[in-house]
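Undergrad: Protein sequences, first through last, are from chains H and U.
Per the working numbering, the first sequence runs over residues 1 to 249.
Per the working numbering, the second sequence runs over residues 1 to 481.
These are computed hints drawn from the structure, not numbers from a lab.
Where a beta carbon is used, it is the ideal one built from N, C-alpha and C, also for glycine.
Keep in mind that the hints are not guaranteed to be accurate.
Part of the chain U face toward chain H, derived, beta carbon under 7 Å [to be verified]:
(1) S413
(2) Q430
(3) F432
(4) M447
(5) K454
Think about it this way: if two alpha-carbon atoms lie no more than 35 Å apart in a straight line, the pair counts; the simulated DSBU-like pairs of lysine-lysine are [said to hold, decoys possible]:
(6) K108(H) <-> K198(U)
(7) K100(H) <-> K129(H)
(8) K167(U) <-> K198(U)
(9) K100(H) <-> K425(U)
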Amino acid sequence: MLEIKNLHASVDGSEILHGVTLKINRGEIHAVMGPNGSGKSTLAKVLAGHQGYEVTKGEVLLQGRDLFSLSPEERAREGIFLGFQYPVEIPGVSNMYFLKTALNEIRKHRGLEELDAMDFLAMVKEKMKMVNIDESLANRSVNEGFSGGEKKRNEIFQMLVLEPKLAILDETDSGLDIDALKIVANGVNSFRREDRAILLVTHYQRLLSYITPDRVHVLLDGRIVKSGGKELALELEEKGYGWLEGNAA
Amino acid sequence: METSTTNIEELATREYKYGFVTQIESDLAPAGLNEDIVRLISSKKNEPEFMLEWRLKAFRHWLTMEEPKWANIHYPAIDYQAAHYYSAPKSNKGPMSLDEVDPELLKTYEKLGIPLREQAMLAGVAVDAVFDSVSVATTFKEKLGQLGIIFCSFSEAVLNHADLIRKYLGSVVPYTDNFFATLNSAVFSDGSFVYVPKGVRCPMELSTYFRINAEKTGQFERTLIIADEGSYVSYLEGCTAPMRDENQLHAAVVELIAHDNATIKYSTVQNWYPGDKEGKGGIYNFVTKRGKCLGVRSKISWTQVETGSAITWKYPSCILQGDNSVGEFYSVAVTNNYQQADTGTKMIHIGKNTRSTIVSKGISAGHGQNTYRGMVKILKGATGARNYSQCDSLLLGDKCGAHTFPYIEVKNSTARMEHEASISKIGEDQIFYCQQRGISAEAAVSMIVNGFCKEVFRELPMEFAVEAQKLLGVSLEGSVG
Numbered sequence: 001m002l003e004i005k006n007l008h009a010s011v012d013g014s015e016i017l018h019g020v021t022l023k024i025n026r027g028e029i030h031a032v033m034g035p036n037g038s039g040k041s042t043l044a045k046v047l048a049g050h051q052g053y054e055v056t057k058g059e060v061l062l063q064g065r066d067l068f069s070l071s072p073e074e075r076a077r078e079g080i081f082l083g084f085q086y087p088v089e090i091p092g093v094s095n096m097y098f099l100k101t102a103l104n105e106i107r108k109h110r111g112l113e114e115l116d117a118m119d120f121l122a123m124v125k126e127k128m129k130m131v132n133i134d135e136s137l138a139n140r141s142v143n144e145g146f147s148g149g150e151k152k153r154n155e156i157f158q159m160l161v162l163e164p165k166l167a168i169l170d171e172t173d174s175g176l177d178i179d180a181l182k183i184v185a186n187g188v189n190s191f192r193r194e195d196r197a198i199l200l201v202t203h204y205q206r207l208l209s210y211i212t213p214d215r216v217h218v219l220l221d222g223r224i225v226k227s228g229g230k231e232l233a234l235e236l237e238e239k240g241y242g243w244l245e246g247n248a249a
Numbered sequence: 001m002e003t004s005t006t007n008i009e010e011l012a013t014r015e016y017k018y019g020f021v022t023q024i025e026s027d028l029a030p031a032g033l034n035e036d037i038v039r040l041i042s043s044k045k046n047e048p049e050f051m052l053e054w055r056l057k058a059f060r061h062w063l064t065m066e067e068p069k070w071a072n073i074h075y076p077a078i079d080y081q082a083a084h085y086y087s088a089p090k091s092n093k094g095p096m097s098l099d100e101v102d103p104e105l106l107k108t109y110e111k112l113g114i115p116l117r118e119q120a121m122l123a124g125v126a127v128d129a130v131f132d133s134v135s136v137a138t139t140f141k142e143k144l145g146q147l148g149i150i151f152c153s154f155s156e157a158v159l160n161h162a163d164l165i166r167k168y169l170g171s172v173v174p175y176t177d178n179f180f181a182t183l184n185s186a187v188f189s190d191g192s193f194v195y196v197p198k199g200v201r202c203p204m205e206l207s208t209y210f211r212i213n214a215e216k217t218g219q220f221e222r223t224l225i226i227a228d229e230g231s232y233v234s235y236l237e238g239c240t241a242p243m244r245d246e247n248q249l250h251a252a253v254v255e256l257i258a259h260d261n262a263t264i265k266y267s268t269v270q271n272w273y274p275g276d277k278e279g280k281g282g283i284y285n286f287v288t289k290r291g292k293c294l295g296v297r298s299k300i301s302w303t304q305v306e307t308g309s310a311i312t313w314k315y316p317s318c319i320l321q322g323d324n325s326v327g328e329f330y331s332v333a334v335t336n337n338y339q340q341a342d343t344g345t346k347m348i349h350i351g352k353n354t355r356s357t358i359v360s361k362g363i364s365a366g367h368g369q370n371t372y373r374g375m376v377k378i379l380k381g382a383t384g385a386r387n388y389s390q391c392d393s394l395l396l397g398d399k400c401g402a403h404t405f406p407y408i409e410v411k412n413s414t415a416r417m418e419h420e421a422s423i424s425k426i427g428e429d430q431i432f433y434c435q436q437r438g439i440s441a442e443a444a445v446s447m448i449v450n451g452f453c454k455e456v457f458r459e460l461p462m463e464f465a466v467e468a469q470k471l472l473g474v475s476l477e478g479s480v481g
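Work out the full structure: start from the sequences and follow the hints.
TA: Here it is in structure tokens:
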């Protein structure tokens, strides 16, 4: 699904990612873990095409296609979804209008007919229930006045509606209480399918108690220093990241 | 990676969509302004003596006045003697039916996207189309006539409803009011007149499309709307003008009068030529718009979407004279490239328990300068008066400016005032968030800006709201990158 080869990226001239290589197959869930400032969010944003980051070396293929030849919106239409660590507020634009516009852009790109308001509403109601989003939230402005937990659930809700091929979830677990965490995890698990892949970017192991990853990677100082199965996450929880620092050279 | 910049620059250099000139022979007065010209205008229109006297008084007063300089706008000095003060399409012989209208004129309207016939029929809108200075087509007059509603060109009203003109003309904006209004009083060419009788609710939106055409023609419309006791009327004004290199002066006057329990809703979408992207050309728009809530529980509501003109100087205001009367001002003003707007409102509370609401949304892009200037004045007798003001500015890019000058004058201690103001920038983060959901940068800006303006757009009649949203998108093309 996604192949990252020797990826180097920098912000304002200083390099953050120093050669990341990673391969995610269809149907897999990968977790990228690491301490603050290790480059996790940079990796997520570079994949989504944020203009604040410059790719200096390496390549990324999405189903064999060069990702960097695509604009951010084209990547989204091709099936990349980024669950934001800090979802952005857009005053005056209703959540539903925003999501319907997004969905129809993506459907158009895939050669599907645009959904009309009625069909859209019916589809969306179903998915709102899955992540316990109140219908009143749907008509409020995008993320405006949402609590931290509501914003994160809203990201998962959008993912369920837009049905991407690859979902990159950047610290979706941060700031969630245990109930919200479970709701988010359920949403992600229900999204899991043979033809989709998920990249979880997280600081803590606790999300991984509810979502079982196929692979866990440790990102330290812009490099992946260790990869393993789901048990690696538990090991990190126990030992922290310090013991891996020697690997980062 | 392809950035959105190239695409946007391409769109930004797109030419003004409505820039064309209709080949119609104009009946043009010689350039310059003096008493003879004023007399000529009056005689061309076969005006009664009182009208000429009024014009001459205004003209003489104008000679004693100086152009105001306090607004936050900059433009080269206007040579008032170089302009023409009268121009009428030659084929016009007074009001006609649509079938008699010069086909060239109709074609012009079609290019503007206003198929008069269809629009009138389908949308149920009565269009008093003003081409240059003289009304050439008025529709639905009969239907309105059955209800006793008068909707006609100003010139017609002067001839046929002289009593109403005498009574109300200058009663809200006196001919001595200000430099531009006084100039208008002397030389106004035409405009619209509306009278809604007691207890009548006007069943359709009344609409006028203004258009400036002949070269070097100053355009001085005069609009007068009177809503008698318990009546209701919604009036729409929409504008486009063809492309010109030379700046064109436009100084209109609009007067509204609402009697007891009457409501007037006045909506404007203004899309005149703003000048090219270097700031060359464009319309200078110096307008005086004022409404008087004369009666108890009367209401006047201004809604404006200002996207065009090189310079906008405009303060639709309300005089809240009747007890419990209500004044509202909802405004979206966009300045892109080198456009300058100094706009806002005045709410003058005279009667008891009068209420006013001001919602102003300024959007600046390119080198645009956007100024909100508003005054809320609460006089001694205005016990229990209330005002709510909200002024929000949105900046796109870092070369534009937003300025806010709220003036508040309170002479009654029971008054309640609320003022909120904000300035924000369209964040790259907002645009990126939209892009990441599959929405292009261009569409994202349009969506974000429309969201910002939502409180104003919902005050517009439906078809106008749609037009306004599109216009906003077009006006801001090329403003991100």
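Undergrad: Hint validation: K454(U) versus chain H, beta carbon distance must be below 7 Å. Holds or violated?
TA: Holds, about 4 Å.
Undergrad: Sort out whether K129(H) lies within 35 Å of K100(H), counting only the CA atoms.
TA: 17 Å, holds
Undergrad: Is it true that the CA of K100(H) sits at most 35 Å from the CA of K425(U)?
TA: Holds: K100(H) and K425(U) sit about 25 Å apart, inside 35 Å.
Undergrad: Should the hint that F432(U) touches chain H count as held when the rule is a Cβ pair under 7 Å?
TA: Result: holds, 6 Å to nearest chain H Cβ.
Undergrad: Keeping to a limit of 35 Å between CA atoms, is the pair of K108(H) and K198(U) held or broken?
TA: Distance ~54 Å between K108(H) and K198(U) Cα, so the pair is violated.
Undergrad: If you take the shortest Cβ to Cβ gap from M447(U) to chain H, is it below 7 Å?
TA: 6 Å, holds
Undergrad: For the restraint on Q430(U), tell me whether the closest CB of chain H is nearer than 7 Å.
TA: Holds, about 5 Å.
Undergrad: Does the CB of S413(U) sit less than 7 Å away from some CB of chain H?
TA: Violated, about 35 Å.
Undergrad: Holds or violated: are the alpha carbons of K167(U) and K198(U) at most 35 Å from each other?
TA: 17 Å, holds
Violated hints for the displayed structure, listed by number in ascending order: 1, 6.
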